[in-house]
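> Please work from the sequences and hints to get the whole structure.
Protein chains in written order, with numbering that gives the first Met the number 0: chain A, 0 to 326; chain B, 0 to 500.
Check before you lean on any hint, since a few could be wrong.
[Unchecked claim] Which stretches of chain B does chain A cover? Using the computed rule of at least three CB atoms under 8 Å from a CB of chain A, they are:
hint	stretch
1	66-75
2	88-94
[Said to hold, decoys possible] Far from chain A, some chain B residues (derived; all Cβ distances over 10 Å):
hint	residue
3	Gly109
4	Glu118
5	Asp181
6	Asp278
7	Asp372
8	Gly374
9	Pro490
10	Glu494
These aren't lab readings, by the way, just hints derived from the structure by calculation.
By construction, the Cβ of each residue, glycine as well, lies at the ideal position given by its N, Cα and C atoms.
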Amino acid sequence: MQSFLTRLTSGKRLRKWRAFAPLAVLVVLCIIITIANPNFIEPRNLIRVANSAAVPLTLAMGMTFIILLGSIDLSVEGAMSVAAMVVVLLAANDSNAHNYGWLAVLAAIAASTMIGLLSGVLQTVLRIPSFMTTLGVWFIGLGLSVYMLGGSAVRLMDESIRGLALTRFLSLPLAVWVALAAFTLAIIIQYYTRFGRHVLALGGGEDIAEFSGVNPRRVRIYAFGLAGFFFGVAGVLAAAQLGQSNATIADGRLFAAVTAVVVGGTALTGGEGGVLNTLVGVLIVTILANGMILLGISPYIQQTVQGLMIIAAVALSLDRLNLKIVK
Amino acid sequence: MLAAKGISKSFIAGTYALNNVDIEIRPNEVVGLIGENGAGKSTLMRVLSGTHRPDSGTLTLDGQPLRLRNSSAAAANGIGMVFQEQSLLLNLTVAENIYLGQEQQFTRFGIVNWRAMHEASRRQLAKIGVDIDVTARTSELTFAARQMVELAKALTLEESVDRPLVILLDEPTSVLSASDIDVLFARVRSLKSRASFVFVSHRLDEVLRISDRVYTMKDGKVVAEHEAAKVTGPELHEIMVGRGLHTEYYKEAQQIAPQSEVMVEAKDLGISGFFHNVDFSIRAGEVVGIAGVVGSGREELTRAVGGFLPHTQGTLKIAGETVRLTSPGQAVRKSVGYIPRERRVEGLVMFLSIAENITLADLSHVMRRGAIDYGKERRVATDWIKRLRIKAPGPDTACRKLSGGNQQKVVLARWMTAGSRILILDHPTRGLDVGAKEEVYEFIRQLSGQGIAILLLSDTLEETIGLSHTVLVMRDGEITARFDAAAGKKPDQVELVAAMV
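Right, dumping it as structure tokens:
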């Protein structure tokens with residue numbers, strides 16, 4: 000615990016301020032919404048917030064590692080829809096006779112992990128930038144899953160998988176606990192493993208890291224595989240929550256994941272920030288959305304606000320004025 | 000202990016970066032390696048550290064042949080390198096940097112024991128006697144402290160390699176202050192009982208102070224080997240620079256006296272922290288060369304005239320007008336052209352064509368009614384290709400396909416097209432072969448004949464003296480000497496060196 004707390008708190012005052020700025024924003028946001036509509040702090044609403052944060056949190060865990068590398072993974076929606084498709088088609092459903100139960104969940108996560116590994120291999124072997132690789136993989140995944148679903152929605156009939164969304168433990172849906180487990184796993188990987196450190200090192204300077212004996216290709220492939228794993232878990236959660244899989248199950252998830260990571264304070268240039276930042280980012284994004292619904296703001300305005308937020312977050316997160324070239 | 004025999008390495012066919020080099024590093028000694036830029040020092044270090052593989056020749060360690068496939072292989076044999084550009088990751092902590100790539104020794108069941116790593120890092124830093132917080136972010140350390148961390152990082156090899164180390168220090172002092180250098184040298188001396196060092200620098204006095212033996216390199220070869228105690232700085236310099244002045248080489252016969260019009264005039268010019276009280280003038284057609292070691296302030300001075308670093312003290316007049324240049328764009332509008340040393344990074348947009356690069360600074364010559372006249376742009380470029388004998392198929396050739404010399408000509412053509420009357424040449428011949436250098440010299444003579452005022456920084460004193468009408472020598476941010484260098488009355492290098500150090 001000590002080491003990553005010092006990482007957050009060490010440093011000059013401005014950096015310290017920056018590290019806690021997202022947290023301050025989160026607190027202020029909660030206060031404002033509570034004043035405007037006290038229903039916000041009702042336990043029932045907070046559980047709703049937690050429930051709607053589950054999928055974005057799991058996705059953003061994967062995205063955090065990629066952005067720490069200084070790369071981007073646009074294949075979120077492709078990988079997620081593949082996972083949702085696999086779990087629905089292999090577990091009990093209304094389209095075919097399969098009924099593999101929890102093996103379907105494992106297969107779904109494995110499929111999504113493979114997609115991530117594929118993105119990583121394409122980048123390192125063919126030297127294609129992550130932006131283009133994952134843009135392609137996004138559409139490959141999406142096309143594949145819509146095709147397999149036959150262009151329509153397939154219902155998930157396996158009661159135990161549906162239970163992820165419907166069963167509650169300590170009054171929170173299981174999906175929330177799964178997301179928290181994903182968060183804990185991400186914390187351990189980022190702050191307590193070699194791999195986590197090497198991701199930061201690559202984001203800080205790939206050539207220097209390589210000179211020090213880090214294998215950048217391997218780290219990159221693993222990172223995209225890990226991201227695929229988290230996207231797969233999120234896909235399963237989404238299918239359980241929706242009770243089906245369809246062509247639009249992953250719509251808008253890429254934007255939500257990137258926004259959460261960036262709003263949390265992880266730098267797009269790589270090497271700065273991390274999983275803890277992302278937790279705060281996810282909460283900001285989810286609570287803002289929840290708050291705007293409570294206040295009865297038009298969904299289109301909500302979307303506009305989210306767009307403004309991501310630009311503001313990037314503007315505030317870095318010493319951008321010192322950047323010479325912006326592309 | 001570590002020996003290299005007959006090492007050759009060539010990057011461009013026909014020219015050798017290293018040509019049949021023999022050197023030997025004995026136990027517990029500091030070996031100095033000196034030479035001008037391009038003499039092959041850095042290439043040799045990269046061969047020793049496994050990042051470059053030699054084309055021919057052998058390395059031996061304790062008499063056994065040694066093949067280094069990469070830097071990890073060198074590390075496994077106890078050879079560590081402290082790089083010229085600092086090679087620490089600024090977003091990681093000190094401890095994380097020291098053990099980057101070696102975390103496995105602190106890992107159990109996949110989890111890294113940070114406390115153990117912090118402890119080990121503290122021990123490493125204690126070995127070299129410095130007190131640095133191992134949990135601090137590296138970006139918050141001073142340059143000197145980072146250098147110590149790099150040294151500590153190199154010394155971690157002691158733990159994994161069961162033999163005396165060889166530590167390669169590639170120009171470690173270039174960013175350090177005098178007192179920091181003293182600290183570094185004290186550490187190196189105290190570590191000599193456990194390791195051998197190779198110390199590369201272009202500052203002769205430092206090399207002589209720290210080294211036991213000194214190798215001098217020139218044009219890719221080792222040309223001399225001395226006991227450091229038995230040789231003086233000027234003697235080494237003579238060997239390092241080598242040939243006497245070739246008046247022919249620098250087209251001295253074409254050097255004509257400058258005109259009377261003063262193009263650049265500086266009075267009490269200064270930038271706090273870099274240089275101060277600098278007075279000089281450049282007349283039309285005059286080449287003014289500035290000599291000085293790294294840190295003398297000459298780089299910053301030229302950058303001030305080029306608009307990259309605005310001056311903070313004194314006055315600067317360009318063509319009689321008092322100016323303070325706060326951007327390169329302003330300098331361009333005052334007809335100052337800057338030819339940077341890093342052609343690839345600062346000088347040319349590599350994927351654009353010759354024509355597009357030539358008109359980059361000023362498109363107005365090839366504009367017609369608000370649009371680019373491509374025909375005219377090509378004609379301008381074709382004209383320059385002929386005049387400067389740029390070896391290229393045509394004006395549409397991408398600049399990245401040109402050789403270094405031809406790229407440099409494109410940069411020169413750009414500023415001529417933009418109508419620059421003052422040119423700053425920042426190491427104009429760096430990385431060029433002899434033939435290409437001569438062509439650049441000839442062109443500089445032509446420009447000066449046309450009344451262009453030129454401020455020159457050069458890699459070698461020889462070139463500075465050969466090309467300039469006036470040589471200014473800078474040391475510690477001040478001009479310490481001025482030499483008239485009219486054709487046939489060139490000053491001696493030894494006089495310049497005396498004023499430099």
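> Can you take a look at whether the stretch 66-75 of chain B is actually covered by chain A? Rule is 3+ residues, C-beta closer than 8 Å.
holds (count 3)
> Grab the minimum beta-carbon distance between glutamate 494(B) and chain A and tell me whether it stays above 10 Å.
holds, 41 Å
> Just double-check aspartate 181(B) for me: nearest Cβ-Cβ distance to chain A has to come out over 10 Å.
holds, 28 Å
> Report holds if the minimum CB distance from proline 490(B) to chain A is greater than 10 Å, and violated otherwise.
holds, 40 Å
> Counting residues of the stretch 88-94 of chain B with a beta carbon closer than 8 Å to any beta carbon of chain A, are there 3 or more?
With 5 residues close enough to chain A, the hint holds.
> Is aspartate 372(B) truly not at the interface, in the sense that its beta carbon sits beyond 10 Å from all beta carbons of chain A?
The claim stands: aspartate 372(B) keeps its Cβ more than 10 Å from every Cβ of chain A (closest is about 29 Å).
> Beyond 10 Å on every Cβ pair: is that true for aspartate 278(B) relative to chain A?
holds, 32 Å
> Per the stated criterion, does the least C-beta distance between glycine 109(B) and chain A lie above 10 Å, as a non-interface residue requires?
Its Cβ does come within 10 Å of chain A, the nearest being 6 Å, so this is violated.
> Does glycine 374(B) sit more than 10 Å from chain A, CB to CB?
Holds: least Cβ distance 32 Å, greater than 10 Å.
> Does the no-contact call for glutamate 118(B) survive, Cβ to all of chain A over 10 Å?
The claim holds: glutamate 118(B) sits with its nearest Cβ about 12 Å from chain A, beyond 10 Å.
In this structure, only the earlier hint numbered 3 is contradicted, and the remaining ones agree with it.
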